[in-house]
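Mapping of the sequence shown onto our numbering: position 35 corresponds to residue 35, and the numbering continues sequentially without gaps.
Incorrect hints may appear among the rest.
To be verified - Below 25 Å or equal to it, Euclidean Cα-Cα: the simulated DSS-like pairs (lysine-lysine) are: (1) K71 - K107; (2) K15 - K107; (3) K87 - K71; (4) K87 - K15; (5) K107 - K87.
Claimed, not checked - Cβ-Cβ distance ranges computed for the label pairs, FRET-style: (6) A125 - E37: 18 to 24 Å; (7) P74 - P108: 33 to 39 Å; (8) G88 - M1: 31 to 37 Å; (9) S11 - E45: 20 to 26 Å.
If you're looking for bench data, these hints aren't it; they were derived computationally from the structure. All C-beta atoms in this analysis are idealised placements derived from N, C-alpha and C, irrespective of residue type, glycine included.
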Amino acid sequence: MTSILIVDDHSDIRKLIRMTLEFAGHGGRIAEASEGEAGLALARELRPDVVITDVMMPGATSGLSLCQTLKSDPAVCGTAIIMISAKGRAEDRLAGLEAGAEAYLVKPFSPLELVNTLERLGISA
1 MTSILIVDDH SDIRKLIRMT LEFAGHGGRI AEASEGEAGL ALARELRPDV VITDVMMPGA
61 TSGLSLCQTL KSDPAVCGTA IIMISAKGRA EDRLAGLEAG AEAYLVKPFS PLELVNTLER
121 LGISA
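Turn these sequences into a full structure, and let the hints guide you.
Structure, rendered in structure tokens:
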């Protein structure tokens, strides 16, 4: 069963993502964190298959630094990372992909876009 970690400082976005995942059949193992440092700790503890993270979050660990840190950690470097952000310029997307993310979705994104992204990455329910 696929395990997924959602990291976003907005509870309504976390709820939307969780509901989307559950509706698509990914409801088995979903964890949440409301900021980057907690997300990093949970990712290291749980070793999820996928991390879905916001780019801009309060605190010392942004989504970009979370992604870079996970991709440089041998214990979790194989974790797929999907970044979500209101920052949708080409250079923002490029920064996310260069940090190691497999995908970058711009808010507002459609639930179907998230499900299709998971499928494209080979993450099945």
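Hints, verified against the model:
1. K71 - K107: With a Cα-Cα distance of about 23 Å, the restraint between K71 and K107 holds, given a limit of 25 Å.
2. K15 - K107: holds (14 Å)
3. K87 - K71: holds (22 Å)
4. K87 - K15: holds (20 Å)
5. K107 - K87: holds (8 Å)
6. A125 - E37: 18 to 24 Å: violated (29 Å)
7. P74 - P108: 33 to 39 Å: holds (35 Å)
8. G88 - M1: 31 to 37 Å: Since the Cβ atoms of G88 and M1 sit about 32 Å apart, the hinted range of 31 to 37 Å holds.
9. S11 - E45: 20 to 26 Å: This hint holds: roughly 21 Å between Cβ atoms.
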